[in-house]
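Undergrad: Once you've looked at the hints, dock chain X against the given chain R.
Residue numbers (the UniProt record's numbering), protein chains in the order written: chain R, 1 to 384; chain X, 1 to 407.
Hints are computed from structural coordinates only; laboratory data are not their basis. Beta carbons are placed, not taken as given, at the ideal position from N, Cα and C, and that holds for glycine. One or more of the hints may lead you astray.
Residues from chain R that face chain X, not an exhaustive set, calculated with beta carbons under 8 Å [to be verified]: (1) Pro-51; (2) Ser-129; (3) Val-138; (4) Ser-153; (5) Gly-163; (6) Leu-168; (7) Phe-256; (8) Pro-258.
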Amino acid sequence: MSGTTESTAVRITGYGVLSAAGVGGKALYEAVRSGALPLGDDGAQALDGQPAPPGVRLLPVPDFEPREHLGRKGLRALSRTTTLGMVAAELALAGLPEPGRPGERADTGVVLGTSTGSARAFAEFFRESYVAERPYLVSPALFPGLLLNHGASQVAMRHSFTGLNASLAGGQISALSALRYARNALLTGRAARLLTGGVEELSAHTAWAWQRGGALGERPALGEGSAVFVMETADDGTGRAPGGSLAELAACEVAFTPLDEGPHAVAAALARCVEDALRAGGAEPGDIGVVSAGASSGPGWSAVEARGRRRALAGHEPEVLRVQDVLGETYSASGALQLAALLAHWEDGAPAAAGGAADWGLVTSVGHDGSVGAALLRRSSATG
Amino acid sequence: MSEQGLRRVAVTGLGAVSSLGTGIEAFTAAVREGRSGITDISSFDSTGFRHTRAGEVHGFRPQDHLERLPAEKWGRSSQFAAAAARLAVRDAGWDTDALSAARAGSAMGTTNGEARAFQELTEQWLAQGIGGIDGDLAARASADRIAAAVNTELGLRGEAQTFGTACSASNYAIGYGFDLIRSGAADVMIAGGADAVNRATHAGFHRLGAIAPDLCRPFDEDRGGIMTAEGGAALVLESWDSAVSRGARIYAEVLGYGLTCDAKHPTQPDRDGIAECIRRAHRDAGVKPDDVDYVCAHGTGTAANDSTEVAAVREVFGDRIPPISSIKSMLGHTMGAASGFGALACCAALYEGFLPPTATVRSVDPALGPDLDCVPGRARPARPRIVENHGFAFGGNNAIVMLGRPE
Chain R
1 MSGTTESTAV
11 RITGYGVLSA
21 AGVGGKALYE
31 AVRSGALPLG
41 DDGAQALDGQ
51 PAPPGVRLLP
61 VPDFEPREHL
71 GRKGLRALSR
81 TTTLGMVAAE
91 LALAGLPEPG
101 RPGERADTGV
111 VLGTSTGSAR
121 AFAEFFRESY
131 VAERPYLVSP
141 ALFPGLLLNH
151 GASQVAMRHS
161 FTGLNASLAG
171 GQISALSALR
181 YARNALLTGR
191 AARLLTGGVE
201 ELSAHTAWAW
211 QRGGALGERP
221 ALGEGSAVFV
231 METADDGTGR
241 APGGSLAELA
251 ACEVAFTPLD
261 EGPHAVAAAL
271 ARCVEDALRA
281 GGAEPGDIGV
291 VSAGASSGPG
301 WSAVEARGRR
311 RALAGHEPEV
321 LRVQDVLGET
331 YSASGALQLA
341 ALLAHWEDGA
351 PAAAGGAADW
361 GLVTSVGHDG
371 SVGAALLRRS
381 SATG
Chain X
1 MSEQGLRRVA
11 VTGLGAVSSL
21 GTGIEAFTAA
31 VREGRSGITD
41 ISSFDSTGFR
51 HTRAGEVHGF
61 RPQDHLERLP
71 AEKWGRSSQF
81 AAAAARLAVR
91 DAGWDTDALS
101 AARAGSAMGT
111 TNGEARAFQE
121 LTEQWLAQGI
131 GGIDGDLAAR
141 ASADRIAAAV
151 NTELGLRGEA
161 QTFGTACSAS
171 NYAIGYGFDL
181 IRSGAADVMI
191 AGGADAVNRA
201 THAGFHRLGA
211 IAPDLCRPFD
221 EDRGGIMTAE
231 GGAALVLESW
241 DSAVSRGARI
251 YAEVLGYGLT
261 CDAKHPTQPD
271 RDGIAECIRR
281 AHRDAGVKPD
291 DVDYVCAHGT
301 GTAANDSTEV
311 AAVREVFGDR
321 IPPISSIKSM
331 LGHTMGAASG
341 FGALACCAAL
351 YEGFLPPTAT
361 VRSVDPALGP
371 DLDCVPGRAR
381 PARPRIVENH
391 GFAFGGNNAI
401 VMLGRPE
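Chain R with its partners taken away, still in its complex shape (with noise of 0.2 Å):
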């Protein structure tokens, strides 16, 4: 059955990115091809004081200010991971052709991927609990910070989206996993439009949390960003034509692999989460014209998912960006990134192939506890 028919089409019509590029897709994608990086403060902003652990790059989002996106007010009591998320969103919404009416509110909603909220707001408000005067003199403006759910409810206040507004903890999977529930979720008419991403911050307690835990491979680089997809399905209900989409989300898949049963079972999964992406797409090996690759960061974590991608793509060898390389470990915004530099790299220009190939994408990811994820992107003919 092909996926493109009117019923299963959900299009991606602007997104908004932050990373160690800089602001928007070009930038990434720029990064992503030569492999260069603005000059950055080596964290410094983001360490805010702490020091940074030795033998990791830390490579932030450069000069981070929220204010230039938000405006000044009530910012204070948000955590970078709300900003990055909320900033990501404000850029996605910024490059719509035609804004959200107020009508349409009701239906709008959003989902983001992030596995544990701000790390570093949860573990200074345990903090403060500790050295208070009394345990429970903590601030109570930072309370609701704590929670998972802080960047897309602070992102639906802010523009009255009362549609459904999910979280979702997926590890490096984080933002597939918010894919794949925001694509169910339009297909289901459970919301007419849906800003869907992922975010990770920077910090001096994730930077010191990833050094001890070892995990970060050999040639350790740790970042951070956002980015956030304006999602809609073909036919929203309010009679617009469809127009301005950069691209289809054809299918997403997300699976798991209990680790005891060892790496070849985890690439064997992603190997089947990319066959049921491709035939859920009705789309060929043949006809994938490029790969962003997750590739995680742990030893052998990116041989993994290179040979499940492999194994799936049965000898096609499309060309693969290799976001992770220059970005660095971004856990929770990884795939989002990815799939922004996907995005860019079609308005890129980059040329069609002949004959109708190199018009889909794929976004691949493996997480550190079994999970697997692949989602499969057709670059929109008005694109091109």
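TA: Same frame as chain R, but now just chain X:
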């Protein structure tokens, strides 16, 4: 949306790890009797807090329930989730190998994820500096481990989705599992939630003046607030045909669900957002207000929740409000597991024929209006046909699941 080809969804297994007991039989018996799971806090040093009681699970030994998950490598919330899931699968009569071979996954909700890992890491940070934290412990702190633990314990190869939609997260998870089975994307989903009592959550609610001194008394004119609590709740959802062909006991049918976001205030609930959520749930389930026989309230025991929730219910139901009770009067507020426990109570009520009580209410707050039947004291024998399970959260996240008696 076309209704053609959509499958019915059965609840065939229930699992509970709670302050009221472990296993659905112990949990249901305690709910029916109106027992309390509230005790003095022992999981962290509560010195200096003015209110020092909570709904803790005492003497939890994960290895007594788990078959595959190495409990010592997982956080407390993940242990609760995996144990509840294992109990639910046994209750459903699923053979482990057959379930592992099925198109099966999990969807689990949480508010604070592995908060106890964060608590321990913060203690290490304070004692030894930020470079002194334990890397293995840090690797256990991610909330996604909760659903991963369920899939690892049960050998599930479908998706492992952890919902971080705070205190409505279990209903989000149940709704998602319902959609996947209904559309045919999965045949079995383990859905529920887990959270662990911890210092930060207790301190935060304490600071807001929202923690009760002795017991949680929803709908009572002398209510004192919430009780922080913990546990794991899990339901086995499967396609109706699968349940029937296995000859499984069917506790209930998932009829539908509704989701809204208030988008107004980070902590205060909103009548309009909740009322719209109820309407969406009814529409999705194809029921009218008059069809609903019982509401399992979010019922946290704060004045703001009680007045807002009852006002929203009155707005939708008009003059005839169904009996509405809060099991938080016994369990306390189990956060991300709360609407999962609500769903367990609803399924037991539909199957056994009773209405769960608001065990601690003494004198119903007259400000909530006339004729409010909150089932005081102990469970009431009844034959509810359609029930409504509420879950609301900080951030204005509302999620309501509709359940029906199997017929």
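Undergrad: It remains to establish, for every hint, whether it holds in the given structure.
TA: Each hint tested on the structure:
1. Given the 8 Å rule on beta carbons, the hint for R:Pro-51 holds: about 7 Å separates it from the nearest Cβ of chain X.
2. Taking 8 Å as the C-beta cut-off, the interface hint given for R:Ser-129 holds, the closest approach to chain X being about 4 Å.
3. Because the closest C-beta pair between R:Val-138 and chain X is about 5 Å apart, less than 8 Å, the hint holds.
4. Because the beta carbon of R:Ser-153 sits about 3 Å from the nearest beta carbon in chain X, less than 8 Å, this interface hint is met.
5. The closest approach between the C-beta of R:Gly-163 and any C-beta of chain X is roughly 7 Å, which is under the 8 Å cut-off, so the hint is satisfied.
6. Using the Cβ-Cβ criterion of 8 Å, the hint placing R:Leu-168 at the interface with chain X is satisfied: the shortest such distance is roughly 6 Å.
7. Nearest Cβ of chain X to the Cβ of R:Phe-256: about 4 Å, under the 8 Å cut. The hint holds.
8. A least Cβ separation of about 5 Å between R:Pro-258 and chain X falls short of the 8 Å threshold, and the interface hint therefore holds.
The structure fails none of the hints (numbered hints given earlier).
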